[in-house]
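Participant: Build out the structure end to end from the sequences listed, making use of the hints.
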Amino acid sequence: MRVLYALGYLVWIAVEVVKGSFDVARDTLTPGVGSTPAIVEYPLRCRTDLEVTVMASSITITPGTIVLGTASARDGEPPVLYVHSLYARSRADIIAGLDEMETRLLRATRGRRAGEVQAA
Amino acid sequence: MILAVTVGVLVAGGTYLLLSRSMVRSVFGIAVLSHAANFVLLAAGVPAWRSEPLSDTTDPALMGDPLPMAFVLTAIVITLAVTVVMLTFAVLGHNDDTHKTPATGETHV
Amino acid sequence: MNPALLPLFVAVPLLVSGLLVVVRHRLVDRVAMVGTPLVSAVAAGALFVHHAAEPVVAHNVGAFVPGVAIPFVSDAASALMLVLTGLMAAAAAWYLTLTGEDRYRFVPPLVVMLIAGVNGALLTGDLFNLFVFVEVMLLPSYVLLAVTGTWRRLGVGRVYILVNLLTSTFLLLGVGFVYAVAGTVNLAVLQGPAAQDPRLGLAIGMVLLALAVKAGVFPVHGWLPSAYPATSAGIMALFSGLHTKVALYAIFRIVATTYGEVVPWVGVLLAVVIATMLVGAVSTAGVGRLRSAIAFQMVSGIGHILIALVVFSAASLGAGLFYLAHHVITVGGLLLLTGAIEQTYGSGRYDRLSGLMRRDRVVAVGFALGLFSLVGLPPTSGLWGKVGLMRAAAEADAGVAAALIGAVILASIASLMALTRLWREVFWGAPMDSYSPDDPEFGRAPRTALPDGVRVPLGLAAPGLALIAVSVALFVFAGVFYPVAADAGVALADATAYAEAVLR
Amino acid sequence: MIVGVWIATGILAVSIVLGLVRIGTATDAASRAVVGDLVFFSAIGLLVLLGMQTQSAAVVDAAMLAALLGILATIALARIITRGRR
Amino acid sequence: MTGTAFVVLEVLSGVMVVAGALFVLVSAIAMLRQRDAFARINVMSPATGMGLPLIVVAAFVHRVALGTATVTDGLKTVVTVAALLVVSSVATNILARAAYLSGAPVAPETQPQELAEDPRP
Amino acid sequence: MSMVWTLGVLALAVVLTPLLNRFLGRAAGWPLAALYLAATATLWPAIAEVFAGGTPTFAVPWVEALGVAFALRLDGLGVVFSLIALLIGAVVFVYSTDYLGRGSQLSFYLVMTVFTLAMVGLVMADDLVVLFICWELTSLASFFLIARSGNAGEAASMRTLLLTFMGGLALLAGVALIVVRTGTTNLTAALASDVWTTDGTFTAVVATLVLLAGFTKSAQFPFHVWLPDAMAAITPVSAYLHAAAVVKAGIFLLMRFSPAFHAAPVWNAALISAGLFTAALGAWFALTQTDLKKLMAYSTVSQLGLIVATIGVGTEAALAAAVIHTIAHALFKSGLFMMVGVVDHSTGTRDLRRLPVLWRRMPLSFTVTAVGAASMAGLPPLLGFISKESLFAALLDAPGAAWTGWLALVLAAGASVLTFAYCTKILFGGFVDGRGADRDSDHELHPHEGVMLGAAAVPILTGVPLGLAAFLLDAPVDLATRAALPLSDPHAHFTLWHGITPELIATLVVFALGGVVIARRAALWPVLEAHRFPVDGAAVIGALHDGLRAAARPWVRVFVSDHPDRHLAVLFGAYLAVVLPGLVLVAPGTPAFAVGPVALTQPVDVVVCLLIAASVVCLCLTTSRLAATLCLSAIGIISTVQILALGAPDVALTQLLVESLTVIVIMLVLQKLPTHFNFKTTPRVAKASAIAVGMGLAAGGATWFLAARRPRSDVADYYAGNATDVTSAQNIVNVILVEFRALDTLGELTVLGMAGIAILALVSSVRHRQLDPSPEEDRTHVPPPELALRPEGTPAHRAITDAWSNVLPMQLVLRFMVPVLVVLSALIFWRGHNAPGGGFIAALVGSAVVGLIYLSTSRDRQIGPPRLPIRLIGWGVVIAVVTGLFGLAFASSFLEPIHGYLGGVHLVTSMLFDVGVYLAVIGLVMLAFNLLGTSGDSLTRDGGESTRERADEAVEGELPGPLDTVRGEPAAAGRVGVRSRFLAEGTPPKELGR
Ligand code: NA
Ligand code: NA
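Residue numbers (my numbering), protein chains in the order written: chain V, 1 to 120; chain L, 121 to 229; chain S, 230 to 733; chain Y, 734 to 819; chain G, 820 to 940; chain B, 941 to 1934.
One thing to keep in mind: the hints can contain errors.
Stated by the list, open to error - One-sided and incomplete, this derived list gives chain S residues near chain B with beta-carbon spacing under 8 Å:
hint, residue
1, 251
2, 449
3, 454
4, 606
5, 643
Quick caveat, the hints were computed from the structure, so don't treat them as lab data. Glycine included, each C-beta is placed from N, C-alpha and C at the ideal position.
Facilitator: Shown next as structure tokens:
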């Protein structure tokens, strides 16, 4: 089951990469600057180091988003990623995109239900 | 023999860099010149024979001259060694400006 | 003798060097550092004697086909050079143990590695392998130059390393072009054709140019007086006997095998040789430090040695090699004596030394003999060196002979004038009662009273005095020693025998 | 294939030149670093394209090592732009 | 390898290399056009995430077409692509953070900028 | 054999001198004088043989390679000159016993005896080189004797040395030419060569060289300046060297070579004109002196001039006259010098203007001086009269037109008038006039005559009987003349009365004018003394010295510099000077480009060329160090493409890996350097560009004309055809590296490994504060930037400033990657023989692991156990060499590979060699990272390691105490893994690398 989710995740990422690449291409090859840069804080639901790593890596490999910093958990706060986004329309869009990615990732690492765990 | 042009360009660049008074630029100059020297060695092996000298996959008649390749390998490694030493010289004193060497007020003669 | 033993001249020092990196013990360090060159010299002495029976000993390393393998070749010339470099290195190493510089980190393994490089460069019969061994020589040199001496060493260390690397690149380019034209870098295979093929001549010219820089030939000599005096006297003595001399030997060897007696561009060569002699000698007058003066004398001496190349005959090569030997020993002796003086009085500057003739009579007498040797006065090796070279010069065509003899005379006069100034300012005059040692960082220190009884310790001066004694012995027993150089000259001139032995 | 390789070679060459221009004109070290990375990877692309033409046995290895080394270079660039602060 | 398959694979590899190269070019042009270092790091992804993997895979496809491909080659290609995608992105994160740490200017258009401003005031 | 005994006795004198001096002090002169007489006695058999018409010889080989023998030969010249040297020497030693101060006089006696040995050796030498050596030794002894008299003597001795040294060089050049031309170093044989009659040019050249040598020593114009200078030496030295010996060595040389040159026009003209001019000039200068000793010196210059001129005439009579005047001069001049010493000791001054009236108080001294001066003035019946008459007569025979003889006579007579005048000055000024009598009463007169006067009287008074019985000298002078002119048959007949001859008339004129001078002297002296010649020799030589220094400075300034670019520019200039003309010369004969299986130029070559050009331009123009590094990296990788295109996969892989590692090490270094190049370091664009373009043309042109114009080489064919058979390996480049040319690789691996030792040694030699200056001291320090960051404690702050949480993903990746790379490295190592790979490439992959680990930690730490790198290097070198020695021990050659099978797997010792390579490379890389990788940041942190500390630990092992900081940091729970939760728990893990 998890293997299927993992494969699914890979495919999903691949599609995201392609989509993002075209976003960048469109912006780059059309006149004017179409980007709307933003840096947002994203508290993670991921818990193991592997999850965080894959999450951060996935964000960065997707054109249009990168991770600028990773803060470890402290005082009950979860680990946090700071994500730089280029083409999202709003903060909520970014968070939504990341949430979707994290959910899919957690399904692959912890099984279906774990993916549904909401951010604290 | 466009390689001759490449060699010329590299040598010109290396020379220009070596004429500056910065140790780091000079190190870069030496590195660039070393590339030129490597190309000269490979050109000396006559680039009209270009097949890789692996006797299981390549016809011996088409093989590139392996001797200059071995020379270049040796030269590359030696360049690596001396580059590391040069970089040490560049960084001692935290000043790579050879116009103001880690000077002491001494005269040289 | 089994020719397969020749690579031991490289293998043993390399092995010792590697072991000294790992095994760090003061006594072992010292014994290895002095002993390795000494053993090398003794073995080379035996080799020289053997050459009376077998003029050329050649071995194709790895037992591969001649022409493909790297050949190691010894004849009287290379054996003489091995003996000389070994002895000089041993003397310098001995001095380093006296000053304690052998305790600087990794000086012993680096010195021994230097020996390996020198021996390899002297024995190899392959141009690319020569390049490699030159690098084996240079790498420890960069460090040795820069770990001892004053703080300025780091600055001139940059000069030294960059000049040498650029030169090495020139050498590599030259070797590449030789291969490009001739399809080989084996000297034995290259024997002969350069005179017929101007393209090969040009390629070899580039190799020789690079070697000329390493030898310190005018106008590419400036690095030598710039860099050498900044390091310590012991290291400078070590270098003076090895680096430029190996390059000179390689020049002789390459010209001898690739051109033979048809030395090309004699006019240009003559001009360069004369300029080297004169510029070195004249520049000596422009300095105010003992070791700077000796450095310029080295340059001048290199010009003298190269007279043999201009004339190019067995006799002249013999004379050149004798002069080379004389020069190595004399300059080495003077440098080590200077080192002893610097070590005692903290400076080698004319204006900070005075009256040493009265303070340090033995050292002064040794130094005077060294200076005599430099200018060719009896009872020192310099006399026979000069006699031999004058004779060699006189052998040339009238015009060339006149130019060479005139240049030798002018250079000698300029040297004498410069060195008499040195003598007056340092050895004569009132003995110092205070001194101001060169501060390692700022170059100047307040004057300090010189405590009673401060003298150059004879133990410290011993290596220098020993070399000067060798110079005197070379004068007295020239009948024994001159033929050694003469034999070496004959061997150098006989390129056919060299090639045959390699390709046999 | 060969046509594609030639076109791709040209495109990569242009990318490299653009990258070099950017390296020369950038105002902050971080931008230079990232453009440098791009030039590195573009050159690796060239290497792979060349391997497709010459059937070189080493290209697969070269590409793999280059990918790993590119990462090393990226981290080194990170160290230099912060002047060693980690 | 049949003739058709050969042609298909060859065409495929040709298309892939051109596409890959184009993605690299996109990144290169974007480097010129973006406003700050972070944006530039961001637009590296088409090159490392798409461009190069396409080229590397195309090379493998080409070898398959020629019949010279081996399992080892396939494995190496996988490792290469993985390195480009995963490891490279991890390294890019380090670079991006270093860029911030080095004081690289953030484009003023960046909104929100939650490294500097608290999102929950 | 008798000659050897003589030299032996003289050598014994040298050896005994320290002993004699020790026990006798200044009285050592007595036994030494006796030894000189003994030496004379031992020479007697040889002298007798010479008188009997023989020429005793002696020879033992010395430097046979140069044909040099220690050869002696005695003839008439030798007899005359050696007797002068020995007998005057004995007299001077006796004189010295009273003249010198009490106590040790070691250096005086020692150098004097050495001098005599050299002088006698010189006159007996029958080998040109031995003659030259003795010549130089006399110069040196002369130098020492002047130098030992304190400050005044030092400067003077240097000038003397310089001038006589110049002469020595001329002599050496002459000797070399003679030896090469005549094929012998034997003096007699060389002088007998027919080259002197057949080759006028050669003869002229050598004659010039020899006469220059002779002139310097016999103080002929313009080399006369040293002799007055030499008066700084004490009087015995002057009495011996400057009257009888050193200066006579010059005369001897001219006579010795007369057989060859006496008919050479150059010789005649130069000797006669220089001699007469010197005679006149010296006499005139003598007249202007007020110091008695200086006066004597100029008088010597003048007298020697007359002798030289006479030798120049070259006839039998002339040489005979020269010989007899040499004898006469040696006698009266040494005596007169000694008399100056007597006067000096008695009055405390030698200044004619300060001397009291002496003749009444010191009548004996006055008498002896009068006889000496009279002899010098040429008054009958003294020997001086006879010798001067002979000179006048000989000069009349001067070669050339008839008038030349007359002119010479007139000039000589003129000089003699002056001679007469200064003799007057010596005698009357010194003893009679007493110009200082009324002025200086402080100089008490203490007549000091005794032994000194006795010794001085001996040579002077010898001139009286010899003048009266001049025929006694006929035989020896004949012998000497015959030695100087071998084909002549001289029959000298010396007598006081020759009849009315031109020379007698000249003499009478001289006397008449001399009488006038005596009468008018009171008015004459002050006028002459006031008009000293404005330029003296010391000033000229001083100017020479200054000139040399001025000439030297530009040469030193131009070529000696601490700036590498200056030196490199010269190197480039030399390269251009060699290569560009060379290319122009070889271009016309260049063969066509080679035609091989593929076209010489491939399209990819063009792409590479363009990209490299772009990168090079960018590299040269940028002022950012980082940009430059990136351009360099680009060049490296594009070069890799080219190398692969040339069919060299091993090289390409190596290049790729080396390039990456180099760039990474560069970056480590750059963190400590300013971000931009100082604009002052930028080369002068026009000049540098010109040189650069020239170099590009030279190297590119050389590649164009020299490369790729022949078929593949024979060696390449050999490798292509046979390498696999010989080595049973498929990767030919690899087997070249580890088998065919393993020696190259051995050197290379040593260089590489020892480069690590090199940087360790370099770093160890520098003080801590230069290695890691504190931010205040570091001129290149860049303060951390102000970051737009939320306050400390916020996740945003931690996300940027916390290192560990940011490198953790990398640490995790490395857990997987490192094993993969290690396996890869092993595979590459293993397959090297048959596919691209081998020790170096494998080691470089291993180094990449080292680098990854080093850079991927959250703080800058040393990698690996501190002493591991130097062990790797040391053992790496040892393993490689020992593998080579296996070949020598168990096969036939050093580094010869030995093949074997282990469990069916083919193994070669060269793989062991590759292990050595591997270890050395890893060692270097670890050291490079550890020593160059420290940054300001790693130091300012608690527990940070300084470069110095790392260097120390690399050598000494982990150091205890306060330096033991990194090890002291709190132990982490464990390593990052698939299941670890360090980020979620907020605790740092244990990182790789320790
Ligand atoms: Na991205
Ligand atoms: Na002084």
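Participant: Hints first: check each against the structure and report whether it holds.
Facilitator: Hint-by-hint comparison with the structure:
1. 251: Constraint on residue 251 of chain S satisfied, holds at 4 Å.
2. 449: 5 Å, holds
3. 454: 5 Å, holds
4. 606: 6 Å, holds
5. 643: It holds, given that the least Cβ distance between residue 643 of chain S and chain B is near 6 Å, below 8 Å.
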